[in-house]
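Colleague: Based on the sequences and whatever the hints tell you, model everything.
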Amino acid sequence: MVKRFGLFSRRRVPRGVPFSDEEYEVTCSHCKKAFLRSVLLDSQFICPECGAYIRIPARDRIRLIADKDSFTEFDAGITSVDFLGFPGYREKLTKAKDATGELSAVVTGVMRVGGRPCAVYVMDSRFIMASMGSAVGEKITRLFEYATEMRLPVLGVTCSGGARMQEGIVSLMQMAKCSGAVKRHSEAGLLYCVLLTDPTTGGMTASVAMEGDITLAEPGALVGFAGRRVIEQTTGAELPKNFQTSEFLLEHGFADAILPREKMRETIALLLRQHGKEAV
Amino acid sequence: MTAYDRLKIVRSSDRPQGHDFVEALFTDRFELCGDRRFAEDPAIMAGIGYLGDQVVTYIAIDKGKDLNDRMKKHFGCPLPEGYRKALRLMKQAEKFHRPVVCLVDTLGAYPGAEGEERGQGQAIAENILEMMGLRTPVLSVVIGEGGSGGALALASADRVYMLENAVYSVITPDGCASILWKDASRVQDAAACLHITAQDMVDFGVAEDIFREDFDRFDKMCGEIKTRLLCDLHALCAMSVPRLLEERYNRFRRIGIFEENGSIRQ
Ligand SMILES: [Zn+2]
Numbered sequence: 008m009v010k011r012f013g014l015f016s017r018r019r020v021p022r023g024v025p026f027s028d029e030e031y032e033v034t035c036s037h038c039k040k041a042f043l044r045s046v047l048l049d050s051q052f053i054c055p056e057c058g059a060y061i062r063i064p065a066r067d068r069i070r071l072i073a074d075k076d077s078f079t080e081f082d083a084g085i086t087s088v089d090f091l092g093f094p095g096y097r098e099k100l101t102k103a104k105d106a107t108g109e110l111s112a113v114v115t116g117v118m119r120v121g122g123r124p125c126a127v128y129v130m131d132s133r134f135i136m137a138s139m140g141s142a143v144g145e146k147i148t149r150l151f152e153y154a155t156e157m158r159l160p161v162l163g164v165t166c167s168g169g170a171r172m173q174e175g176i177v178s179l180m181q182m183a184k185c186s187g188a189v190k191r192h193s194e195a196g197l198l199y200c201v202l203l204t205d206p207t208t209g210g211m212t213a214s215v216a217m218e219g220d221i222t223l224a225e226p227g228a229l230v231g232f233a234g235r236r237v238i239e240q241t242t243g244a245e246l247p248k249n250f251q252t253s254e255f256l257l258e259h260g261f262a263d264a265i266l267p268r269e270k271m272r273e274t275i276a277l278l279l280r281q282h283g284k285e286a287v
Numbered sequence: 057m058t059a060y061d062r063l064k065i066v067r068s069s070d071r072p073q074g075h076d077f078v079e080a081l082f083t084d085r086f087e088l089c090g091d092r093r094f095a096e097d098p099a100i101m102a103g104i105g106y107l108g109d110q111v112v113t114y115i116a117i118d119k120g121k122d123l124n125d126r127m128k129k130h131f132g133c134p135l136p137e138g139y140r141k142a143l144r145l146m147k148q149a150e151k152f153h154r155p156v157v158c159l160v161d162t163l164g165a166y167p168g169a170e171g172e173e174r175g176q177g178q179a180i181a182e183n184i185l186e187m188m189g190l191r192t193p194v195l196s197v198v199i200g201e202g203g204s205g206g207a208l209a210l211a212s213a214d215r216v217y218m219l220e221n222a223v224y225s226v227i228t229p230d231g232c233a234s235i236l237w238k239d240a241s242r243v244q245d246a247a248a249c250l251h252i253t254a255q256d257m258v259d260f261g262v263a264e265d266i267f268r269e270d271f272d273r274f275d276k277m278c279g280e281i282k283t284r285l286l287c288d289l290h291a292l293c294a295m296s297v298p299r300l301l302e303e304r305y306n307r308f309r310r311i312g313i314f315e316e317n318g319s320i321r322q
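These protein sequences, in sequence, are chains A and B.
Add 7 to a position in the first sequence, counting from 1, and you land on the number used in our numbering.
Add 56 to a position in the second sequence, counting from 1, and you land on the number used in our numbering.
No lab work stands behind these hints, which were simulated from the structure alone.
Some clues are possibly wrong.
Reference excerpt, derived from the structure (chain B facing chain A, CB under 10 Å, subset only) [stated by the list, open to error]:
#  : residue
1  : E87
2  : C89
3  : E172
4  : R174
5  : Q178
6  : A181
7  : L185
8  : S204
9  : G205
10 : G206
11 : C249
12 : V262
13 : D265
14 : R310
15 : F314
The beta-carbon is built from N, C-alpha and C at its ideal position, and this holds for glycine as well.
Modeller: Written out as structure tokens, the structure reads:
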């Protein structure tokens, strides 16, 4: 397959194992009912019982968006290091790796949607709340550099608790590092489309999540910069019920559309079609 | 001196503030206001002035003079309109080919409902994004606290300098302590764990240099800072724009410590 699409063949990193069919139970945080993963894949992780949006693991998200067998993973061997000796970080990393089978909080690569090629990164909230440290920063930066070189659009599916404080100032710098790569991609005239999912906050919102040409948001997702509790404590203000939701963002002019999962694939395919890359 | 000692020092209100540095560093100033979108944010004090013989756009976060001024400036926590004002003036500087000097001193962007309504995250993101492509040199000096994204929005620069006791952090040590240990009083431990001192910044490649503090001879100290900034500006102004942007890109591109296929990269 790599050969057939010359586009994907110049990668220095070996392909990862994109998808597994392992069966396990996922609990809906809204109605507390448990469902088999395969059932949720069929429902796009919309709770079959109560209709709530269940957070989607990164690889499953890609599976739901990408054309069948079209995804090739990049930089699967990158993982975080506890270089500050930060209390508890090593344990958190081990736990996250064990729980998710992932080495970092983001999966990157190339895929096709509706036949059209697209670079993609998807963050995984199960991995230390998808906070952005050096590993995430490096993978996203490399993805944008690759997409710029190969003239590919980028789809970013975000969720994040913000910068990863266990990596100190180095994690803050990832915001500028990624933004530099986004800027170059943008100046090359290429499309960057963001899909904001629950929750996208802090440093992620203050960088790559808000740098797209087109910004889509999943219904009811929490998207904001400062934490609700911090705001309440600082200002004593009573915050509206829909504060920092996708709907709040749309109302205030910071998102283009609320994108229900039923429309996810077709919308992304349409946007790719409108932005010119030929179908492969 | 511990990181926490320095944090206490930079948070002290008798320390020179943004406006003191603006007055000492830049002559023949003309102050500019407003983001042309929504409002003026007095937490960002900006204008055109002379750094020695060089015309520059200066952009400083100011915590304020007296209590009334401080309240108006949200104690140096800018609103989205403050960041948009800064960006407007950076773009203006780009148009007129003059360099930008930013002075950073903030706990962080203002955490309020109005800030969220007006896109605090988006405002910071746009500044960072646009600064990475700004076709004129940018210098940033952290004169007190460099608080998270709210500081980076004025520090995605060609050179970053730290005052001797200045700190720069991904999250306030107070915030870190309350998230990590559910105990805001452990701010001392958090300050140490986060590695926030000027020397840490130089070690991580986040800052180029440290300026000695001598507030008893403030003008002399600022004179030395001015000399250094001018020297670096002249070198940066002599570069072609593509090279300037390439070096700015690489300055951030190389920051990051991770493991790849079993070996550590940094
Ligand atoms: Zn449910």
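Colleague: All hints, please: hold or fail.
Modeller: Results of checking the hints against the structure:
Using the Cβ-Cβ criterion of 10 Å, the hint placing E87 of chain B at the interface with chain A is not satisfied: the shortest such distance is roughly 27 Å. Because the beta carbon of C89 of chain B sits about 23 Å from the nearest beta carbon in chain A, more than 10 Å, this interface hint is broken. Because the closest C-beta pair between E172 of chain B and chain A is about 5 Å apart, less than 10 Å, the hint holds. Hint status for R174 of chain B relative to chain A: holds, with the closest Cβ pair at about 7 Å, below 10 Å.
Hint status for Q178 of chain B relative to chain A: holds, with the closest Cβ pair at about 4 Å, below 10 Å. Interface hint status for A181 of chain B: upheld, as the beta-carbon distance to the closest one in chain A is roughly 4 Å, under 10 Å. Interface restraint check: L185 of chain B against chain A, minimum CB-CB distance 5 Å, threshold 10 Å, status holds. For S204 of chain B, the suggested interface contact is upheld, since its CB lies about 6 Å from the closest CB of chain A, less than 10 Å.
Among the interface hints, the one on G205 of chain B holds; its C-beta lies about 4 Å from the nearest C-beta in chain A, closer than the 10 Å criterion. Because the smallest distance between the Cβ of G206 of chain B and any Cβ of chain A comes to about 8 Å, under 10 Å, the interface hint for this residue holds. Hint status for C249 of chain B relative to chain A: holds, with the closest Cβ pair at about 6 Å, below 10 Å. With a cut of 10 Å, the hint placing V262 of chain B at the interface with chain A holds, because the nearest CB-to-CB distance is about 5 Å.
Of the supplied interface hints, the one on D265 of chain B is violated, with its beta-carbon coming no nearer than about 16 Å to a beta-carbon of chain A, more than 10 Å. This hint holds: R310 of chain B has a C-beta 9 Å from the nearest C-beta of chain A, less than the 10 Å allowed. Hint status for F314 of chain B: holds, given a least beta-carbon distance of 4 Å to chain A, under 10 Å.
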